[in-house]
Structure formats: C-alpha cells, structure tokens
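Chains as they are written, first to last, in the working numbering: chain A, 1 to 138; chain B, 1 to 247.
The hints are all genuine.
Straight-line C-alpha distance at most 27 angstroms; calculated DSS-like pairs for lysine-lysine:
1. 26/A to 218/B
2. 135/B to 115/B
3. 115/B to 230/B
4. 145/B to 127/B
5. 115/B to 13/A
6. 13/A to 44/B
7. 26/A to 83/B
8. 135/B to 118/B
9. 19/A to 115/B
10. 83/B to 44/B
11. 135/B to 145/B
12. 230/B to 218/B
13. 115/B to 218/B
14. 145/B to 218/B
15. 83/B to 218/B
Simulated from the structure, these hints should not be mistaken for lab results.
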Amino acid sequence: METKTGYTLHHPKWHREDKPIFWWVKRWVYIGFIFRELTSVAIAYFAILMILAYRALQSGPEAYAELMGCLSHPAMIVINVLALGAALYHSITWFNLSPKAMVVRLGNWRVPDIMIAGGNYAGWLFISAVITAAYILG
Amino acid sequence: MAEETITIEVLRYLPEDGAEPVLQEYEVPLRADWVVLDALNHIKDHIDGTLSYRWSCRMGVCGSCGMMVNGEPVLTCAAFLTKFAPGPIRVEPLDHFPVVRDLVVEMTDFVDKIKHVKPWVIREEEKPLEEGEFKQTPAELSDFKAYTMCINCMLCYSACPVYGLEPGFTGPAALALAQRYNLDNRDEGNDERMELLSNDEGIWSCTMVGECSEACPKGVDPAGAIQRYKLAGAADWWKSLIMKKGR
Numbered sequence: 001m002e003t004k005t006g007y008t009l010h011h012p013k014w015h016r017e018d019k020p021i022f023w024w025v026k027r028w029v030y031i032g033f034i035f036r037e038l039t040s041v042a043i044a045y046f047a048i049l050m051i052l053a054y055r056a057l058q059s060g061p062e063a064y065a066e067l068m069g070c071l072s073h074p075a076m077i078v079i080n081v082l083a084l085g086a087a088l089y090h091s092i093t094w095f096n097l098s099p100k101a102m103v104v105r106l107g108n109w110r111v112p113d114i115m116i117a118g119g120n121y122a123g124w125l126f127i128s129a130v131i132t133a134a135y136i137l138g
Numbered sequence: 001m002a003e004e005t006i007t008i009e010v011l012r013y014l015p016e017d018g019a020e021p022v023l024q025e026y027e028v029p030l031r032a033d034w035v036v037l038d039a040l041n042h043i044k045d046h047i048d049g050t051l052s053y054r055w056s057c058r059m060g061v062c063g064s065c066g067m068m069v070n071g072e073p074v075l076t077c078a079a080f081l082t083k084f085a086p087g088p089i090r091v092e093p094l095d096h097f098p099v100v101r102d103l104v105v106e107m108t109d110f111v112d113k114i115k116h117v118k119p120w121v122i123r124e125e126e127k128p129l130e131e132g133e134f135k136q137t138p139a140e141l142s143d144f145k146a147y148t149m150c151i152n153c154m155l156c157y158s159a160c161p162v163y164g165l166e167p168g169f170t171g172p173a174a175l176a177l178a179q180r181y182n183l184d185n186r187d188e189g190n191d192e193r194m195e196l197l198s199n200d201e202g203i204w205s206c207t208m209v210g211e212c213s214e215a216c217p218k219g220v221d222p223a224g225a226i227q228r229y230k231l232a233g234a235a236d237w238w239k240s241l242i243m244k245k246g247r
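Just need the whole structure built from these sequences, with the hints factored in.
See the structure below:
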C-alpha cells in the first residue's frame, strides 16, 4: 500500500526510530511471543520425523530398526523430550486461542469460549485415542 | 509543608536543531487527581511553553493524547501519576510513528490505512429512500458493536511489533474496522474488502502477538477481529479453490 504524504512535503525533518534487532527483549510479553514462535520448529521437527519413519517403514524392517536405533540414543531422547514439551506448549496455546477466531452462534445464543476451546481439546483427545487404540489393537 | 513532586522525563525532538531526541526532566506536583496529561499541561503552562503534544477531550474519547508512558502505549488522560510514584515517569512519543516534534507523531500512514479498508457500508445496489431504512436487530448489532468503539488513538499500532517491523502492514485498528463492516448485516462489501486485505500486508501479516488488544483502551480486541478475519479468509480461499475445480 502506498502512503501519500504530499501535503507534508515541506514539513521539517521527521525523526524515525529504527526497530533494533533485539526489540523483543524489552518486554516479557514479547519474549513469550518469540519463544512461542520458536516452538513451531518443534512442530516442523515432528512432521519431518514422521515422514522419515514412514519412509523407513516402506524401505523394510532393517531401515526401520536403524531409525529406531538412532532414536534410542540418549541425546535423541533428550531432544525428543524437549521437542515434545515445546510442541505441547504450542498446541495448547493454539487451542486456547481458538475461541478468538471462532465465533459460533446457535440462533441468538453465542457458544461460550470455553466450549469452543473444549470442543477442540475433545477432538484432539478423540483422535489421539483412536490412533492409540489402532496401535494397541493393530 | 512543601508539596510532594514527581519527575517527568520527556523525550524531546526539535526538528529545527536537526539533533537526535533528548530526555528533558521536569518536576511537577504529585497530586492524587492528576494524570500524566495534567502534568504535561502543568509543564506547558508554568515551566516550558515550548513543549509540544496533542490532546483534546481529557476523558478517553478523542484518542489524541496517546503516548508511551514508561514504555507502554497509553492514553495520558487515563494514566494517573500516583500509579507511577515515586517515579520518574518517562513520556515518549508513540512507538512506530515518525516524530514531528516532541510528543507529536505523524499519522498520515494510519489515516491512509483506515481509508484503505473501505470503512463504510457498501451496497451492491442502493435501495431508493422511499423503501425506508435498513433494519437491524440488537442481536445483529451485537455481532460487531465492540469493533465500533475504536477511537483511532493508534495505541494498538504502537503495541504491534509487526507494524514496527513492516510498516506496510494494514494494522490492528484498520483491520478491526474492516471486520466492523464485514459483520454488519447491512453491508455487502465482504468480497471487496477480502480482495484488499487477504494478502501479505493485510490479515496474513498478523502473527497474533495479541498486544494490540491489551493496549486498546476501549476493549475493541483487534487481535480477535483479525483472527476471525483470517478464518474467513481461509474459508474463502478453500471456496475459491473448490469453485475453480468444479468448473
């Protein structure tokens, strides 16, 4: 979008403050925001891990055993636990925000925020339960 | 007994000097019923008449007296001195805007952005006056009423780091205003605004820091408005994809 500032052309020089690269360390809220943005890396990490596991499964038992061997290394366990924590934090804060984006009306009644977030959590639990059941039974 | 005082540090910029802004200290009476704006008026009237700042209504309606007070964007008419005692209180111009002089910022960019979102009722076809007014129920009004409370004080733009980093971003107040009309049952301009705002400088620039809603003195919740807009934008994109495939 172009800004038209024609009528201020001959105005004395304005002062503009550039945003420093570490602007976000000024306030805790901004630090929290940057931390949450960084937790997206954990989500991407798990997505890539899932693709690798799928590929290993396709390639046969040896490739799968090799991947599992790699993942059972203590360093990988530490990384995965940290990534799990970050991914859980990202997902929970995401679900807590969902009522902001979703405004559901049934007639004149607006569905309360807690029910919107609750619905998302219930869906998450349900899908997790189905996957776990498939794993145990399969 | 001498009256208790508090120090106000004002960031002053004098364009004729061409120098960088500097902090200037003033001692003002610390009175229980004084807000930061009263302190600035005291300075202007009794200490230093050259201090420049904007104000008008003194009751949180006009949106003119927004400034950074101790690093937070606030309406100075609603910020009591006692809240910051024993001080000092640092008063600076609103973040992310060019400074014209002292505490006065340049707001053309903001005004252009407000105009950009077409903040008026758009009708595909105007109905003749004889057909009467457009009716609206209280429930329909409640859909967007909160978004009508904006006083254009620009605090949300100062609280938004995205606007600070990417000045092209349409910004919180303008996007909330667009939603105010999108959700109005008399308006038919949804598609027109979506075309303008569903892009990198519009709704998709918002990374949901959420500070715009915290800073808003009128409870508008621009962050919520933008998230709703994003959901509508995503639904619109899927719809257009399916329509294209269906052809």
